[in-house]
Amino acid sequence: AQRVTQPEKLLSVFKGAPVELKCNYSYSGSPELFWYVQYSRQRLQLLLRHISRESIKGFTADLNKGETSFHLKKPFAQEEDSAMYYCALRGGETSGSRLTFGEGTQLTVNP
Amino acid sequence: NAGVTQTPKFQVLKTGQSMTLQCAQDMNHEYMSWYRQDPGMGLRLIHYSVGAGITDQGEVPNGYNVSRSTTEDFPLRLLSAAPSQTSVYFCASRRAGSYGYTFGSGTRLTVV
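So the protein lines, in turn, are chains A and B. Under the numbering used here, the first residue of the first sequence carries the number 1, and numbering increases by one thereafter. Under the numbering used here, the first residue of the second sequence carries the number 1001, and numbering increases by one thereafter.
To be clear, the hints were calculated from the coordinates, so they are not data collected in a lab. Careful, some of the hints might be misleading.
Only pairs whose alpha carbons sit at most 25 angstroms apart, straight line, appear in this in silico DMTMM-like list of lysine to aspartate or glutamate [what the hints assert, rightly or not]: (1) A/K9 / B/D1038; (2) A/K65 / A/E20; (3) A/K9 / B/E1059.
Chain B is nowhere near these chain A residues, computed Cβ spacing over 12 angstroms in every case [claimed, not checked]: (4) S12; (5) P18; (6) Q78; (7) Q106.
A virtual CB, placed ideally from N, CA and C, is assigned to each residue, including glycine.
So that you can see chain A by itself, here it is in the shape it has in the complex (with noise of 0.2 angstroms):
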């Protein structure tokens, strides 16, 4: 089975500061680790993935595997990241290749 789990429903910053939210997963196999957004009244977007160490809009994302966390950080936050962020794993392809996401965090931003 997989599970994604976020264990910060609600995250609160100051602009400027540094912002970290946390996603811890479980799958036997092989994951692909992702962060999807979604602003206020927009449809969910993909951030980022773990397979291609990018940086968007300044965040980052380490996998982990030892730790199985695959933690969202930036280190300077704007008031235009307030959005909520799920953390996603898909598994192989014998899955479906199956998105499971966790249960967001809301992420507030303020001036």
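Starting from the known structure of chain A, fit chain B onto it as the hints suggest.
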């Protein structure tokens, strides 16, 4: 190229009524999925399809039916609506071999 289109955007049903949520994509994506989004529970997979004529159950399939007669369309049917099905429903699609899902804008359903 419209992406993933969901209709209707809003719907109110009475308990026991049935209805179909429509989802269409024009990207020739093989994979399509239906999720429901509830506060504190994230997005939960209802049903998914890996191609025309092939569907399978997700985490929370009870009370919902799907079919995939064409690549483009993946309708979700509520057989007998219940208040517990009040939620926001998202349809998503992905091309086989790619990594990112494209999501629709959602349908907000209220069952009274």
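In rising order, the numbers of the hints this structure does not comply with: 7
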